[in-house]
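Asks: Each chain, written out:
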Amino acid sequence: MKMFSVSHKTAFVVDHCPYMAESCRQQVECDVLTKSRGQGMIPLAPVSKSLWTCAVECSMEYCRILYDVYPLRKLINYIVSDSEFHILNSWRQEDQSTHELMSALAAVGPPNPQEDPECCSVLHGLVAAVESLCKITEYQHEARTTLMDTADRVANRGRIICLTNAKSDTHVRMLEDCVQETILEQNKMAAGSDRLMSIQQCELVLVHIFPQGEDTLVSDRPKKEVSSLLTSEVHSVRAGRHLATKLNILVQQHFDLASTTITNIPMKEEQHANTSANYDVELLHHRDAHLEFFKSGDLHMAGSTSRDSGLKETVTLKWCTPRTNSVELHYCTGAYRISPTDVNSRPSSCLTNFLLNGRSVLLEQPRKSGSKVISHMLSSHGGEIFLHVLNSTRSTLEDPPSISEGCGGRVTDYRITDFGEFMRENRLTPVPESPDTEASGKPPAERAKAQLERYTRYWPMIISQTTIFNMQAVVPLANLIVKESLSEEDLLTCQKTVYNLVDMERKNDPLPISTVGSRGKGPKRDEQYRTMWNELETLVKTHVAGSERHQRVLDCIIACRSKPPEEEERKKRGRKREDKEEKAEKNINKDSEDKSWQESERLKGVVERVKEEQGESEVIKDSPDSPEPLNKKPRLEEIQLPEKAKGPVSLLTMWTNRITVANSRKHQEFAGRISSVNNKAELYQHLKDENGYVVVCFDFVSTVNRMDLHENGKATR
Amino acid sequence: MPTVVLMDASLSMTRPVSLEQCSEELQRKNLAVAGLTMLFEHMANNYRLEFTSLVAFSSLWELLVPFTRDYNTLQEALNNLEDYDKTCLESALHGVSNVVQQEWGHACPTQVVLVTDGSLGIGKGSLRHSLQTLKGRPEDKKFPLPFPFPAKLFIMCIANAEELQMTDTMHNLEQLLQLNGGDGQIFTMEGQLCLKSVQSMFGRLIDEVYSPFPAVLRCGNLASDVQVFPRPEPVFLDEEIDPMPRHILTDLEIVGFIEIGDISSPPVMSRHLVLPIAVNKEVDDVGPGTTEEPEEETSANQQAGKIPNFCVLLHGSLKVEGMVALVQLGPEWYGMLYSQADSKKKSNLMMSLFEPGPEPLPWLGKVSQLGPISDAAENPYGEDDSKSPFPLQPKIKRSYAQNVTVWIKASGLQTDVQKILRNARKLPEKTQTFYKELNRLRKAALAFGFWELLKGVAELLERECTLLPDTAHPDAAFQLSHAAKQLKLASTGDSQYAAFDQNINPMHTDFSGGGAGM
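Taken in order, these protein sequences are the chains called B and P. Per full-length UniProt numbering: the first sequence ends with 717, consecutive numbering throughout. Per full-length UniProt numbering: the second sequence ends with 518, consecutive numbering throughout.
Pulled out of the complex, with its shape left as it was, chain B reads as follows (with noise of 0.2 Å):
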């Protein structure tokens, strides 16, 4: 589509001249309900317009209906023409609003009748839209700045379209010989000038205008090259109604539009409330929303009827009953502004009202028979009301492979809520456009992809991977340090957080390390700190370059962690691997792929509860009137038994186990004892389903307290 085509520019001249003034000879009753008021009353004289109110009023019915469907790039001049020419506004965007003309025509008002004829002419009129068509708009001149050496790409052409009362055939080819003289000349003009443009195309449109009962005196003719820079047409029309279906039929012809009737359309009636009864409404759109149809030819297979005037063509769509909702995502090939032709009338305003609450409507094209066929959408947003063109054919998308079964697809643990949370927070919102911003750099959606930047850089995808992540704990901090700045206050919850997390590992309290997969023991307490730590050093490092406060955080967080000593890491490091290993081959285990799907879900569900109890329970210990916790227990343990954690434990008990721990760190235990009871290891264990699988564990634990006792030949039994 080119931009700058013949319906960038309008230029409207009116004829302002004495003749204009008469009267259009169709009467308008307006005092309809006095007969039935009680008799001997004299109705009021019915009213009729002048030939300049219907000039007027209709033509702007083709503005209201451009700047409905077109509220930017198509513009329009509007030029009055007597003795002399008004401009009554400008080529600017912000001059382009119904409001704007009708304030400046009450200002011209009706033409002068006492005027004399002589000196009064449409020519004027004519000449300064020549003139107007020459100066260059705001889109032109954007569009030649950022061209710079091909500005010569860009077009100017235009129409004018002049509503005026001709004299005769002759008269008629005067004007059209005036305007294409001026072309000429202005064209001269232009070449020398930097705003202004010399004339490409221009279409004259020439309605005259004649009041009822009286016989034409110019004859219609259909557009003709005047020259290469100018068409012409003629269109000879009775004032009143008529005058108002050809500017209709214009400015569907103008600006590609087309009609739809939506029929069918459910309204209650101001009398009996209960009923309703089916109304239709008219609108009219670009025509590329009935593309479809046009291509298949079958415009007369989806409801069309010709119009009164046998000119115009409207296509039919049934009003569904509204089934779609917002969250709805739409396969939508189009979406284009409507217009009603009769925005007044009740049918219409009760469809638009519908819709500019923020309801949509499916439509659906008539058949006899068949299934039913739903191909466009209304729906309105921030006031204003689109034709939505809905995909009906079949797609050549369908039954695509599932994204369960590409790669990364069996993996379970996704942090599929987290990575929402993230998206929240990462939301979109139109920046309003200032010069301050500007000069501030980056453009808002720059900054936004900055944001995501530093949001991501360091974001496990899988809960298995994190342990920070998994901790309310770390929250607060996890929060602040993706911020592009840190306040004070924003440093100190930091430093809050780390002292929070450094009271927890006095504590010696759980970690939610995921213990997915991982058979038996899971890692120690003290290293599963030391992987925390770790982890929220390495978040943390990836922020140091942003501001000094991101560094003093890192530096509380080094001066307040353990240091691990190289050789227990390297340990670590070898454990993470076995670690890995078993989770893999549990993953094969896994059967179907949407089974896995499914199986993520309900993970995730399980973590996030043990997340929240853990976060419950570190409420709890973080209140100083919670006890502090008596035991310290072996850390080979991974869950702590009730019954034991509960009750004193004696100094002795103490005293054993830390013996047995630091025994224990010094040769790897043999898988047998481990896993014994009362020193009988059981074998073949994995032949046991899951669920024995688990009680084995249990007992485990249990059975290792009691085997420290008796090794140290004190039994307690």
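Calculated from the structure, these hints are not laboratory results. Watch out, some of these pointers could steer you wrong.
When the alpha-carbon atoms are kept at most 27 Å apart in a straight line, the in silico DSSO-like pairs for lysine-lysine are as follows [what the hints assert, rightly or not]: (1) B:LYS135 to B:LYS2; (2) P:LYS395 to B:LYS2; (3) P:LYS443 to P:LYS419; (4) B:LYS74 to P:LYS397; (5) P:LYS366 to B:LYS442; (6) B:LYS246 to P:LYS409; (7) P:LYS395 to B:LYS74; (8) B:LYS268 to P:LYS430.
One side only, chain B facing chain P, incomplete, derived with CB under 10 Å [to be verified]: (9) SER48; (10) THR53; (11) VAL154; (12) LEU217; (13) ARG221; (14) ASP256; (15) GLU433; (16) ALA448.
Between beta-carbon pairs, the in silico distance windows are [stated by the list, open to error]: (17) B:HIS141 to P:SER91: 51 to 57 Å; (18) P:LYS141 to B:SER369: 43 to 49 Å; (19) P:THR68 to B:LEU291: 52 to 58 Å; (20) B:LEU492 to P:GLY330: 41 to 47 Å; (21) B:GLU433 to P:ASP342: 56 to 62 Å; (22) B:ASN112 to P:GLU139: 51 to 57 Å; (23) P:GLU139 to B:LEU291: 49 to 55 Å; (24) P:THR415 to B:THR216: 29 to 35 Å; (25) B:LEU72 to P:GLU139: 35 to 41 Å; (26) B:SER369 to P:GLN393: 41 to 47 Å; (27) B:THR170 to P:GLN393: 41 to 47 Å; (28) B:VAL327 to P:LYS141: 48 to 54 Å; (29) P:THR68 to B:GLU94: 53 to 59 Å; (30) B:THR216 to P:LYS141: 26 to 32 Å.
Only a predicted model underlies this, so the values are computations on that prediction, with no experimental measurement involved. We put the CB at the ideal spot given by N, CA and C, even for glycine.
Since the structure of chain B is provided, determine the placement of chain P on it from the hints.
Replies: This is chain P only, laid out in the frame that chain B set:
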């Protein structure tokens, strides 16, 4: 984008190819079959989501295989192809047009692969004849090109360029392409006609049209290698000002996220599947396969399935949260990523392309002006997600949203006058609405230069005044005569009383106690 393979099955295809090295005698048809076999094999492995159909033609045409992803069926039909009589391309193209329209409608871009030896018939029904008689045909006997749907025409000639240029064949084929709007290409064989050269010709077609589109999807530092299917087509904007085709970047960068309700069913140019692919493997190995794969591949795919992939994470969260990700496709070109459910079980990451431009959706405003919520003074979504900054409101309301006055139909004018009269009879209770309606009428009458109406309504109000019952509130009479007087003054056009932006205000009376609503 579906493909139609239009295979020439005329007798001339059976002409033998003179081969020096090879003892076995080959027909042109054998070469064509070999080329298509290569194409089908490639598609089965690397472009498996493509729907392809096979149409054979001579003087008649026949749909051998309707659109399918089952390349074995296509291959089988190709192998069993029989030989028929003469070439008549026009009717075959009509056939293609029908087949595509019946299956996909008129909006779906299609690829037509015509395989022929370049002898396009003689006399009536030949391409030469069709092209000579293009003009002056009746509406129902139009040449099938251009197709009513967007189509690319690829002409695979089992002949070399020199051979075609000796006759007017090349010229006719070029004309055919032009009729199709220039969309497509003519492929000819280079050098001797043999298996090698036919494979190289089909290889060029594959590279250009049927190679997967690899890209990287990024969200900050999270990234995934993906394949976009079908290949996104280059887009032309305003051909006059901006005649260069626009291609989407292979680096797809997420800008941010928007709720589905806020983006609300936007119009899109095309839709594409975004399929994650394994990084360290060759792109060719992991086409968007749908059906079972060979044993070795299965284990490789399982391996890839177990490595966490950003696409899967993104898809899962988009689905759960009911959101879309706004993605940048190029300079001033955007699209959206969302979860698309094909059935209850299967869902996928889909990308829709918006029309290129700085402001593809009026209700979002300029995309470059969309920033992070942290830029706003307070959260535009509210602390409890109860609000939304979208949709943007246009500066000027549309006519249907601002109670405009239109009197083109007499009924419009009558309704407006009756509204005033109805309120006039309920003065002083309805003082506010009475003046509101009165001023609306006054403004329109002034703009339309319809002073006669102002006088008429003034007279009506004066009459109403005389008809007031004795029980009427005294204020009513004052307001009516005041309004009538003001209208009359306005109808003189005196600038003091006929200013457009001026309103008639209710008269202040001593009865203000009774003048409810004042």
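Asks: Hint by hint, note whether the structure agrees.
Replies: Going down the list of hints, with the structure as the test:
1. B:LYS135 to B:LYS2: holds (19 Å)
2. P:LYS395 to B:LYS2: holds (25 Å)
3. P:LYS443 to P:LYS419: holds (15 Å)
4. B:LYS74 to P:LYS397: It holds: about 16 Å lies between the C-alpha atoms, which stays within 27 Å.
5. P:LYS366 to B:LYS442: Distance of about 15 Å is within 27 Å: holds.
6. B:LYS246 to P:LYS409: holds (14 Å)
7. P:LYS395 to B:LYS74: holds (16 Å)
8. B:LYS268 to P:LYS430: With a Cα-Cα distance of about 25 Å, the restraint between LYS268 (chain B) and LYS430 (chain P) holds, given a limit of 27 Å.
9. SER48: holds (7 Å)
10. THR53: holds (5 Å)
11. VAL154: This hint holds: VAL154 (chain B) lies near chain P, its Cβ roughly 6 Å from the closest one there, short of 10 Å.
12. LEU217: Since chain P brings no Cβ nearer than about 24 Å to LEU217 (chain B), farther than 10 Å, the hint is violated.
13. ARG221: violated (25 Å)
14. ASP256: With a minimum Cβ separation of about 15 Å from chain P (threshold 10 Å), the hint on ASP256 (chain B) is violated.
15. GLU433: holds (6 Å)
16. ALA448: holds (4 Å)
17. B:HIS141 to P:SER91: 51 to 57 Å: With Cβ atoms ~53 Å apart, the hint holds.
18. P:LYS141 to B:SER369: 43 to 49 Å: For SER369 (chain B) against LYS141 (chain P), whose Cβ atoms are near 30 Å apart, the range 43 to 49 Å is violated.
19. P:THR68 to B:LEU291: 52 to 58 Å: violated (28 Å)
20. B:LEU492 to P:GLY330: 41 to 47 Å: holds (44 Å)
21. B:GLU433 to P:ASP342: 56 to 62 Å: Between GLU433 (chain B) and ASP342 (chain P), where Cβ atoms are some 41 Å apart, the hint is violated.
22. B:ASN112 to P:GLU139: 51 to 57 Å: With Cβ atoms ~54 Å apart, the hint holds.
23. P:GLU139 to B:LEU291: 49 to 55 Å: Since the Cβ atoms of GLU139 (chain P) and LEU291 (chain B) sit about 19 Å apart, the hinted range of 49 to 55 Å is violated.
24. P:THR415 to B:THR216: 29 to 35 Å: Because 32 Å falls inside the window, the suggested range holds.
25. B:LEU72 to P:GLU139: 35 to 41 Å: The hint (35 to 41 Å, Cβ to Cβ) holds, given that LEU72 (chain B) and GLU139 (chain P) are roughly 38 Å apart.
26. B:SER369 to P:GLN393: 41 to 47 Å: With Cβ atoms ~44 Å apart, the hint holds.
27. B:THR170 to P:GLN393: 41 to 47 Å: violated (52 Å)
28. B:VAL327 to P:LYS141: 48 to 54 Å: holds (50 Å)
29. P:THR68 to B:GLU94: 53 to 59 Å: holds (57 Å)
30. B:THR216 to P:LYS141: 26 to 32 Å: 41 Å Cβ-Cβ, so the 26 to 32 Å window is violated.
Of the hints listed earlier, those the structure fails to meet are numbers 12, 13, 14, 18, 19, 21, 23, 27, 30, in rising order.
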